[in-house]
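Colleague: Which chain is which? The protein sequence lines are Y and V, in order. All letters in the first sequence, in the order written, are residues 628 to 869 by our numbering. All letters in the second sequence, in the order written, are residues 24 to 391 by our numbering.
If you're looking for bench data, these hints aren't it; they were derived computationally from the structure. Here a beta-carbon is modelled for each residue, glycine too, at the ideal position from N, C-alpha and C. A couple of the hints might just be wrong.
To be verified - Computed far set for chain Y versus chain V, every beta-carbon distance over 12 Å:
(1) T682
(2) K750
(3) L771
Said to hold, decoys possible - Quick partial rundown of chain V residues pointing at chain Y, CB under 7 Å, derived from the structure:
(4) K30
(5) E207
(6) V301
(7) G306
(8) V388
(9) F389
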Amino acid sequence: MSVVSVQDVSKTFSSGHTAVTAVDHVSLEVEAGDIVLVMGPSGSGKTTLLSMIGTLMSPTTGRILISGQDTSTLAPAQLSRLRLREFGFVFQTFNLLSALTAEENVMVPLLTAGMHRKPARAKARAALEQLKLGHRLRNLPRDLSGGEKQRVAIARSLANDPRLILADEPTANLDARTGQDVTLLLCETACRENRAVIIVSHDQRLRTAAKRVITIEDGRLTTEEDGEHNQNCRMHARAGSS
Amino acid sequence: MLFLAIKNLVQEKTRLLISVGGVAFSVLLIMSIQGLYQGWSNKIGEYIRTVPADYWITQTGATDMFHTPSVLPLTVRDFLNGVEGVASAKPFSGRRVAFAHNGKDINLYVIADDVENNVGAPARVVEGKAVPGEGEIIIDRVVARSENIRIGDTIPIAGRTLKVAGYSEGGYILSFSFAFATKEDAESILQLPGATNFFLVTVEDGAAAGDVASRIEADPAVDAITKDRFVENNTNIVRDTFLPIILVLLLIGIAVGMTVIGLTIFTSTIEKAREYGVLKAIGVSNRQLYTVVVEQAVTAAVLGYALGAALALAINAVAGNYVPEFITEIRWLDAAWIFAVTMVMAVVSSLLPVRRLARIDPAEVFRA
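Isolated chain V, as found in the complex (with noise of 0.2 Å):
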């Protein structure tokens, strides 16, 4: 009797708008924060995703590029040259970096802009000039947002000054940015003389490239990870970061969201027990009668997921502009899954209810 179960809903506005709010707000929350999470995992990776390399090749034991450093002397490169099946092998170099700027500190991840070897050039140059000239530096338009750094400024960097030349998109990540020097003015900023951090290594046509890394990694020195799973493990960082995070903001939108549905459906429940009982007494089953408070309930959620999606995604999409680091992706598939623990959300705030209506006595209908 879906029927019922609405017009039960509807009849009462005040509280119809409280359990669709609260279901909205718990949307809102996992939604977004489940929209940051993946923003920010894409962002991580995005720019690794683009450089081009088949195989990372990284001092032994270095997984990722923040984590561990990986220092690899140059001459490495002749070995991975000569290995069969190798097409080529490019150094990239980088290190992270921090300057004052506004009395504030900054993070840059200072890549070496090759382009002699092509290598460590922007993914995507949006403002000024695409590669920096000597002196000069290209860094992500999120950071010169958020923290008002022109073309033109100059930035203190590790005992240098560099002139802001461009802005680059795709290489913010949550507390650092991706920042390009000429390989000079980097090669000064890293000081690792005679040494870079990794290899980019591509594969011959037609060679297997899983034999080819096993031959790499005949040197014990070095490790020769795939380019997916040198992505995998730069976004895992996010992952492991804010995992934790995420499930406590997620236990806590459920949580919100079952009270919310549970009290109201609770409480209409109680102030309906009279009419349940008439329902009741005149044949309606105690499971006919809970199927009516499910589809309060579930009917409360859907409503709700919706509200609170579209909030979401109206949010996501304007709170960008104002607050840069506010990057958000939501999937399908999230958005599928939230709606799916919206569901579970309703179906278990009903049991309170069920309860209740479960110890309504029928014969209590013919008390006036």
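Chain Y on its own, in the form it takes in the complex (with noise of 0.2 Å):
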């Protein structure tokens, strides 16, 4: 069963007389362990796809069905607990709570989903720490930089074990070498433990990272090439030593 099955799905904007269509009857398949970047120029509709997908906004037509369940036939609360339980959300904002430390950050979605708060510290803790961020546990997001708040963001979207990672333009705000390492990074841990990975992005070289790479074009799937990841992804590597 797909981790994700889009099918013919479209969506139009109305306001006043003007209707705009962003995503044009798309259809697409994710699987676990798979990692598709979705690439396209701006207002292509990506990020309308992402958003249908996530559940934070419904389809005009056709339906979006996530580990075989139709999302249409859920409530609000439902589609909240859908969110928590098979989603991880990367930004390109990083959007980390500015009140809360790196730590708590992580273990939001943890104490959101009902972990007492002991375990959901070291399981938080043990996240940041695979990261390579154990020495920022307590800082605050405004004292980190754009690299660790990102890993940081990272470690929040892999807090509940998520069967698919949702990352809108994660390299956007982060120099060229910090956004390949913070996305290879994410898709080495996604590979690692089989999860999903839909990447939106305009960066070319996030293809390096990809196993798909689908290409949008005024609302509608265009093409779909193959991308490098096998050549670079570390447990490829390993894999292949073995």
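Starting from two chains that each stand alone, build the complex the way the hints lay out.
Modeller: Structure follows, in structure tokens:
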């Protein structure tokens, strides 16, 4: 069963007498372990597609199944629970909670899911240490560099062991080197744990991290190619050497 | 997620100070007004409670010492002494009089200190003579301090000049205070020859008080009022006069507190709209987010209550030294209901930010 099944989905935004179709009859299957890079120019519908897959926006027509479940049949509270359990989000502007430390930011999804404070703290700490942020646990977001913030965001997105990670322009606010490192880190983590990842980006360099590269133009999927993930992912290198 | 609520609050220290300050002001206002109300209510009843009587016998229709005049002929005493179950019946006389002092009218309720019958003595004498002599008067210390009247000073009352011989306590009642003169001096002030205002009746041990009262009230010219009821009738004067004012001030206090909490939490919610959107996106339910906002408001309210209550206690303890009329009593019961009102205030003031929260679109988080 696909982790994500997008079935002939369209999204039209209406304003007065004007209607704009942002996503036009798109179908897409994403399996566990897939790392899909969705590319396209600004206004092509990438983010709208990502929002619909993330259940933050409902399609005008068509349907989206997450692990076989039709999201259009779920109530808002059920969608919240689905996002909490099944999705991890990584945003362009990191979107860490400014009042919370790095550790507490990672704890938020765990506590929301009902985990007690002590194990949540331990798990958040372990996740941050794995992402080489063990020395930044007590730092507020304002005291972290862009790369560190994005790594905290990745740790947060992985906190509840989601089956799907949705990343929107994860390198846009990072320098080239940091952006590539962070994305590779995200993809390696996902690869190791057989999670599906959908990344929306303009950044051509992210092809190196993706297994599939899909292009979207004017709301339609136009091409699909293989990415260069297997040549760059250290997980595959290890698998190859063993 | 109380920790998120607290962290959000503490992050904006100025806003936290405004929230806490606003609530503290409300609590200070409400608690001080309630304390004054309680203090004055107690004061008005304090002296009456010390008067030794099971029943106050009044002229029919008179229910307290201050509203309706009660004038009874002294011959009523013979009737009362003849009623089965009455142990004693003693006359109690007093009259409200005013005198000018330093260009200001001062009101006293002069009571006849009847040494012979052991009726009409001050509750507590704190300075000077305990029993007034001829041509002397004992006044309340609150009046003495506020009007700067010293022992040895003379005051003109109803055509007489009386020398202040001592200070009593527990007889200050807002616009007037109890004062004590000899029976003879009081009678010359009261101008009620052959009459008194009340009789104080004590009931014999073992006698059924209710039955005794019924037998007394067989005389249509008199009412027999229990001591507790008579105290309550008098304290109701404070309630009737000040309760509407207290209610208005209470509403003002609540409005101030609610507005301050509501606005500060609302602006915080608007400023953090994106972060709340992120929380919605990652799966935090609306209900959990509302809880965070309500927890913020309640935390600010608890801090504000603690500060306001501490200030109220401190001010009430000190203010009486400078303003003698500032007589307050803050009871645990009052502290508890004011706390409950503060919590309700916090929850109600969260409604506006919660409505704003409900409109946050989590899809906005994908916009840079």
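Colleague: Any hints from earlier that this structure breaks? Give me their numbers in increasing order, please.
Modeller: 1, 5
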